[in-house]
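Q: Listed here are the chains, written in short residue letters.
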Amino acid sequence: MALLEVHDLTVSYPTRAGDLPAVRGVSFDLDPGETLGLAGESGCGKSTMASAVLRLLPQGTRTSGSVLLEGEDVLAMRPGRLRAVRWTEAAIVFQGAMHALNPVRRVGAQIAEAIQLHDRVSDQATAIRVGELLEQVGLPARQAASYPHELSGGQRQRVMIAMALACSPRLLIADEPTTALDVMVQAQVLALLEDLRRELGLALLLITHNLSVLASTCERIAVMYAGRIVEEGPAAKVFEAPAHPYTKALADAFPTIGDRASRRHPHGLGGDPPDPRDLPSGCEFHPRCPVSVPVCPTLDVELWPAGPGRRAACVHVSDRQPEAVTGGAPTEVAP
Amino acid sequence: MTATQPSPTASTAGQGPILEVRDLHVHFGARRGRGAAARAVDGVDLEVRPGEIVALAGESGCGKTTLARSILGLVQPTKGEVLYQGKPIGRGTSALKPYRREVQLILQDPTGALNPRQSVYESVAEGLRIHGVKGDEETLVADALARSGLRPPRRFFLNYPHELSGGQRQRVVIAGALALQPSILVADEPVSSLDASVRGEILALLLGLVRDLGLSILVVTHDLGLAWNIADRLAVMYLGRIVEQGPTEAVLAAPLHPYTRALLSVIPEVRHLEAQILTGEPPDPTRVPGGCRFHPRCPALASGDAARAGVDDRCRNQAVPILRGVTEHHAACFLTDESVKKEAERRQSTRGAHAEGPQ
Chain A
57 MALLEVHDLT VSYPTRAGDL PAVRGVSFDL DPGETLGLAG ESGCGKSTMA
107 SAVLRLLPQG TRTSGSVLLE GEDVLAMRPG RLRAVRWTEA AIVFQGAMHA
157 LNPVRRVGAQ IAEAIQLHDR VSDQATAIRV GELLEQVGLP ARQAASYPHE
207 LSGGQRQRVM IAMALACSPR LLIADEPTTA LDVMVQAQVL ALLEDLRREL
257 GLALLLITHN LSVLASTCER IAVMYAGRIV EEGPAAKVFE APAHPYTKAL
307 ADAFPTIGDR ASRRHPHGLG GDPPDPRDLP SGCEFHPRCP VSVPVCPTLD
357 VELWPAGPGR RAACVHVSDR QPEAVTGGAP TEVAP
Chain B
11 MTATQPSPTA STAGQGPILE VRDLHVHFGA RRGRGAAARA VDGVDLEVRP
61 GEIVALAGES GCGKTTLARS ILGLVQPTKG EVLYQGKPIG RGTSALKPYR
111 REVQLILQDP TGALNPRQSV YESVAEGLRI HGVKGDEETL VADALARSGL
161 RPPRRFFLNY PHELSGGQRQ RVVIAGALAL QPSILVADEP VSSLDASVRG
211 EILALLLGLV RDLGLSILVV THDLGLAWNI ADRLAVMYLG RIVEQGPTEA
261 VLAAPLHPYT RALLSVIPEV RHLEAQILTG EPPDPTRVPG GCRFHPRCPA
311 LASGDAARAG VDDRCRNQAV PILRGVTEHH AACFLTDESV KKEAERRQST
361 RGAHAEGPQ
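Chains as they are written, first to last, in my numbering: chain A, 57 to 391; chain B, 11 to 369.
Calculated from the structure, these hints are not laboratory results. All C-beta atoms in this analysis are idealised placements derived from N, C-alpha and C, irrespective of residue type, glycine included. Hints should not be assumed to be uniformly reliable.
[To be verified] Which residues of chain B face chain A? A partial, calculated answer using Cβ under 8 Å:
(1) I140
(2) L262
(3) V276
(4) E284
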């Protein structure tokens, strides 16, 4: 059984100007010990997805569909059960470790709080556990006595990870865990997440806009655009041979050093992400798409098979329909 | 490709540098005699020539932002000087004012750089008013916005920052700088807070400004991919010093310094180098190690390469000379010393000969 099963999830935020649909029908599975990378730019709904898995959304947010964590629907849980599930079954490491820690409390006390909220353990046992957790994330146990400002950005992110591990969850959700960090510290944090996955058998849902980070750490990648998954598949395949033009733009954004084609030719994607209240018709990506064809503005895209273990929501996916392979140009395929 | 396409530097190579940093030191004092002073910038020579993009790369705390701030006259150097068109930039607000029009700063986070209660027009016009630029303000603002890729410019005049996307905000910041017709832009992590898809667009804009307006750009970044995308030359900084510099292609294709090699190896896109994740304490400018300042974290010293080349003693005990403002590819590392390299090659070849001997 999958550890996490998200089925046809929609999330919309009520605003004065009407409902703002952030996630519009997303489905995916995550097995125990598996790593899934969720890519996309600001406003594509990937952080909303992360929060929805633990129902950490603001009050009044409308959701539909289901989020099954070990077979139990998080969206239908009673508050008491939900509190127990958070941290013990799944935990989140948020972006911006600078702001997620309380600046006036020692980091050890903040980790201890997470432990004692869920388990009735003595202060002494808690202190020992805090030390173990810090060592597990590569910090000396004595750092428990430090205040957040005494730590570097990478060390603070490690504290955040230690806190997330406090109640031995089986699923770790990391939302842009390395975005504000240097390349070297980013490499350290990613290596740590990989070690934890191997040692503890954690399943990992890693969310970032940097596709190359996902390609190097995850087994599978799902790419989101305008609240929907537009491509998913094995990480290396998706990164090296993207089936969706949006994935290709993300993959090209960070150049391969040494690749002459990108030297003095930065690749960008024109235009801006669409306004969720006013989405383009047909394929939502068509106004920015470099390979759009006349049918795109009216085509109802869905995730079509795109090779072994891969799916993509693009008219150009060649094995979309049997006739598309034999029937000539994709433009001739009726929507 | 470089043979058929002359690089922008080729045409301007004959000219002297437009911006020059000579033996610059910026030390921040210890608080009430407690602890040691932080040697944020500790002896840096750097040049930027007209029409050139120079990238200054390094980790947080390496001093790259302090160096950029002292180039702008925002931080007073402890020692050394900054020269603009061959003349020292001077001190104090009034002496610096004409220089500050020529050298414009672009910050990392456009949301923080823009006043949320100022319209796009007001943000761009502010610099023009401060510097008393003559001419039709509306035309100047519109031109700057158009050059930054906000077209048609008049459509954006009355927008407020919150109505714009991250990429558009950064374009407004760049327009504010361009309105003053500067000759140099100093950009501190200009794309690191932007989305992946917008990143390339802003970098293309910077490249276009160099091509169309002949601007020079000093770009401070921790992103070596950015350097590969746009920079003519690359300087890598570690603990207040430049440890390697040269033409971008040369530095990134064949890095000389073990630190540059490590930085390059941890980039997810770089597959041909085995990842060397540096451990140990992050560099602390209040405690600069003796000998080569990189030696406590140096993979070449730890692996025994330095010992095999016979320089490990020098690595631990002897200060590495400061890299002077020259333009060919070179590094501040004992292992790259010519004499050391020859010696290592000689040993390698004799070992090779032995290995082949018995066959």
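Q: Against this structure, judge whether each hint is valid.
A: These are the hints, each one checked on the structure:
Evaluation of the B/I140 hint against chain A yields a violated restraint, the C-beta minimum of about 30 Å exceeding 8 Å. Proximity of B/L262 to chain A holds as hinted, the smallest CB-CB distance being about 5 Å (cut-off 8 Å). The beta carbon of B/V276 is positioned within 8 Å of a beta carbon in chain A (closest approach about 4 Å), and the interface hint is therefore held. Taken as an interface hint, B/E284 does not check out: its beta carbon lies about 12 Å from the nearest beta carbon of chain A, beyond 8 Å.
Hint compliance for this structure: hints 1 and 4 are not met, and every other hint is.
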